[in-house]
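K.L.:
For this one, chain A is given, so just place chains B and C on it according to the hints.
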Amino acid sequence: MSGPQPGQHSADRPDNPLDDALGKADPEVEPGLVEELEQEKAREEAKAVDETGDRWRDAFRQIVSGSWAVALGAILLAVLAGSILIVLTDEAVQESAGYFFARPQDTLKAVGEAIGGAYSALFRGAVYNYQADSFAAGIRSLTQTLTNATPLIAAGLGVALAFRAGLFNIGGQGQMLMAAVGAGWVGFGVTGLPIPLHLLLAMVAGMLAAALWAGIAGALKAFTGAHEVIVTIMLNWIAYYLLSFFLATPGLMQAPGSANPRTPPIAESAQLPPLLGERYPLHWGFVLALLAVAYVWWLLNRASLGFSYRAVGENPRAARVAGIDVKWSTVSVMLIAGALVGLAGVTQVLGTATTGFGEGIDAGIGFDAITVALLGGSQPVGVLFAGLLFGAFKAGGSAMQAAEGIPIEIVLVVQSLIVLFIAAPPLVRAIFRLPQPARRTTTRRKSSSTKEATA
Amino acid sequence: MKLELRGITKRFGALVANDHIDLVVEPGEIHCLLGENGAGKSTLMNVLYGLYDADEGQILLDDEVQSFDGPGDAMAAGIGMVHQHFMLVPVFSVAENVMLGHESTRGAGVLDLAGARRTVRETADRFGFHVDPDALVEDLPVGVQQRVEIIKALSRDAQVLVFDEPTAVLTPQETDELMAIMRQLRDDGAAIVFITHKLREVRAVADRITVVRHGKVVGEAAPTATDAELASLMVGRAVELTVHKEAPQHRDNALEVAGLTVANADGQVVVDDISFTVRGGEVLVVAGVQGNGQTELTEALLGLQEDVAGSVRLDDRELVGRSVRQILSAGVGFVPEDRNTDGLVGEFSIAENLILDRTDGPPFVRAGSLQLARRDEFAQEKVDEFDVRTQGIGLPVGGLSGGNQQKVVLAREMSRDLRLLVAAQPTRGVDVGSIEFIHQRIIETRDQGLPVIVVSTELDEAVALGDRIMVMYRGKVVGIVPATTPRDVLGLMMAGVAPESEGEAA
Amino acid sequence: MSAPVTRPAPVPAQETGARTIDKVSWKSPIALGAVLVLYVLLMALAPHEGSARFALSTSRDFFQIPVFVVPAMTTAWLGAGVGLLVTGAAVLAARARRRVPLWWISVYAVFLLTGFLAWAAAGSPRDLSVVGLLSGAVVLAVPIVYGSLSGVIGERAGVINIAIEAQLLAGAFSAAVVASLTDSPWAGLLAAMVAGMLVALVLGIFAITYRVVQIIVGVVLNVLVIGLTSFFYSQVLVPNTEMLNATTRFPRLPIPFLDRIPVVGPVLFNQTILAYLMFVIVGVVWFALYRTRWGLRVRAVGEHPKAADTVGINVLATRYRAVLIGGTLAGMGGAFYTVVSINQFGREMTAGAGFIALAAMIFGKWDPVRAALAGLLFGFATNLQNVLSVVGSPVPSQFMLMLPYVVTLFAVAGLVGRSQPPAANGQAYVKE
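Protein chains in written order, with UniProt numbering: chain A, 1 to 455; chain B, 1 to 506; chain C, 1 to 432.
Same shape as in the complex, but just chain A (with noise of 0.2 Å):
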């Protein structure tokens, strides 16, 4: 449905007439001039550019194609925006607001201890905290950014590849209830398997499960045509109730003796042991994102699987012709990305909630996975990054909520901004007054994409 899009071709390149020149010609009317002017361009960008050969051209470039100025301002905007909400509704600024032009500077000291009183409590969350003790206690706040962390990447990277494969996936939730129940269930149920082998026997029930969930989407998507985001938002609720019929149901999930719908704890033998210490929060899955980027990284750019996902994401019909099978593509792809969602549901209930889970396991995670994704540009570097920001967010606002009492809903409210911004480059630029790049609009993919759409 969604057809490639005009690409924003030279969006951190300093101005050029032609780009200009080519989004105003039309192919359909005038081949012959968009070749001339093609040409001309690609002759000038051949100085400009060495290497764009590997970049991923599909409707989600506008994304990718977000300078690191863009991508900065983004964020500045975006905490500046919350900073507005703490203000607002801070109660000391209310009150001294009320008598502003007798004394407005009360109200400016209001205003600057809101927010530093929630910018240091977010670094203190996040980072360092320095009021603590020791160095060993106040560096727990960047170990908390890092497991936070952990499940963002790994379900990031399950979205970004599925974007990279042209197929949205919102269904980031479902695949992690799926994934909580595999690995929950072999978790805890499960007795008497040595170490290793009960961790890796829950790992790979937990991936498998939602590599499956996800598989469902893309079963559906290649063999009946059934739009992807429905069917994941749909995928998403069934496994939702499924789980918390499992957890209600005594004799499934639900913890022995409890009537509350909340599984037993994971056996000992099972859990992701403490990468630095029992005094720190940090799992080895944190150990297994990172593998999950570099294995993603070198999926996408040297393996020929990702090389035909990718053809596939850019031009359906171009890799059909190449002999690509791309249905086959379609619920591999899904499967993959699937498992990946599953490390993050697998990482959440072996490591970080090992004295067991409720229905609420996936934490939100599946939605963050996909501004996770956006953020990173789809690129396994930049979905590792991304996570780490917004698991530093995520600590920062646990922290924020606790010393200050405003709501971590907060993150949510930046992060989305977030994606807003990045998405629309010109906004943030105008804002900025950043030099706005001349825009190509190729529409020879418009008419391309119609001629799909009408097909």
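Everything labelled a hint here was simulated from the structure, so no lab data went into it. In this text, all values refer to a predicted model and were calculated from it rather than measured experimentally.
With a cut-off of at most 27 Å between alpha-carbon atoms, the simulated BS3-like pairs for lysine-lysine come out as follows:
id	chain 1	residue 1	chain 2	residue 2
1	C	Lys27	C	Lys365
2	B	Lys216	B	Lys2
3	C	Lys27	A	Lys327
4	B	Lys2	B	Lys198
5	B	Lys198	B	Lys245
6	A	Lys327	C	Lys365
P.N.:
For chains B and C alone, kept in the frame of chain A given last:
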């Protein structure tokens, strides 16, 4: 109404698409705008229609200077356009399409559909053809859709009518009918601009001819000018598009197609019981007006169509029912009709596109990993061999010109171990230099002893390239004739009239 | 899902109209058969003897219809029998390359449903209130129908609206605050409309002006609005519940006489103003889309924006208008939560209704009337769970709650035939 363009200049960056163009079209005349693809004809008309802003120059109607902010203004001033790609909403009825944008209402915005139906009927009656106002546009044949476009323009009292390459999708018969309509419109006093690059049509219908080349008016001509005169004006040099080739040396290997039938997703039979044989060492050109099943035929050969019955045997191996991958491995080289949608991944580099269909094993893939050094070495070699003009194999293929893109496709397809080459519209949207190169490579492939199928909608190309010509009409084969068959016979065949004696010589 | 072509019968070559062959589609029989197998397994493995009591009347009706008492398993197996007949007929139809008519599927659904209800209510001393089931379905369908209309109008103009959930939630929040402050549900409704429109405006700015991929904008907007409303809820509403989060609700407005017709009366004529408005608006939207200049232009812009542009229609403005109107309607649906259903706002209280609305739109093939019917169907499925828990159903509630989503999954996978979205749906328009 008299139309006058004065000194229209339109620049796209450094490129001047229209360079001080002057044009006067009197009421009651058909004025032909003749020029090659990319000469700037359509840019000029888009300026006239308010789609582009001219950098310099004026548009005058009955000697009054106009300023158009968009197509709405141009239409209000009395300019109507019959677009090359019809601007019709496929799921709307004829009446809805005609009224769109200037809907008459019965108050409170409620559509007056009865009035619109009346308009359609009255206008159609005036020209003696029948169009059902309630038919959905998507169900109509292209020729009728074009009439809807004409009715749309006339229903707004257009007095200047622009026909942009209107005959590209028509059969010779339909073309004649269109010309009759144009003459009638002229006799009613309309000023008509007829944009085309087909010389025959120009001489048949034009009252005056203006030739444009590289964005400039290069001359005017009378309808009595010869083809050669017009052609040399248009291209700027003497043109001779013949392909030098020897008589075919037939071999024993062959592609045999028997009873091939293809249905599209809606269950329509688009290729209807086709049988033919192509021997090694000969070129069979599949000719016909676009949309008569040629596309589906070639796609069926490659295994891209879902509903296929019949048999396709290449060197005695059945291809129907096999996957695209298997058919490629069986040695079928395929140059798709639309290289942008089917042949290339625009954002991928030239090197990546050159190995697009070779990702299933050595030499470019080992143990699931791409062999990048191998790939680049191969790409450099092919870029040199096929004379692809580029600054580097790492550049995105989307930035190349049409001709160079097509060479990339050819290079990829021809560097595999082939047993059959299928090239659909291999020279569409390609510059003259590349056309010659591509034709030559196709003939070389033939002379290596391979069966070659070329699909072409241009009679000139069909005659130049083919050893035999198979004409398709509505999914059926009208006949298979030698390339020496007279053009008027071929033209009739393209309209579905079978030749008197079928020259089947397989 | 289509079999290869067989040799077509020779047809005299006609000048007009291409020859067609009908294709075999096994989707319908497979789906019908799958559901039937599940049903039969349930009945066979967990039989429920006894009788089921269906109540069709309420005490206010003009005349009373006695309570239907049916033997549960007989009814259940009767349903299975009819289901088998329809499935068999569907197989035959598929082999004869004919479409399975919609009314067959309706008969199948009604019989299986009745059998299921009889089975579920068997042995319960309490009556299963059919009226309660249906009228509750209408109530629960209100936000879904409004939301799906928002989707229909936006997508008909070519803008994908995944942000229905955000529009509902923003509407619910604003309605709660304004209705509490003013003590007027009408003011709350108005505020909800404005809020829904504002969300739509943001969608428009990013999707139409900045041409950000529309699905992304929608998904992100949902997160943004969840974040904003939850933030303000915790930070502002909770400390000031009495002033800011305690609304006066719309009362039920029984229509005199009509509301006393048995079954129909309580279901259709004893609702709140928001439900009556819903029926009117569905009709208005249908008329506006298909019979007015505005609708013609909206549809043209969604199908072929360039064609619309070349006849002088402002594509972007038309899209903006459509998206804003849609947002306003979804906002009205959001008001349901805080000035009809209950009298206060709660965190993420729309609980995915926006996605159900999206599903209803697809189910309804982008047509306002069909989308509204689909919305009613989802309302019914949701209410079924409520009613069954009253009579003490043996089916775990989670499975009943899952039902609408499973049904949607079957629907998008092709049970109801191909849903063809507007051709230019989701494509940003670049004016030259």
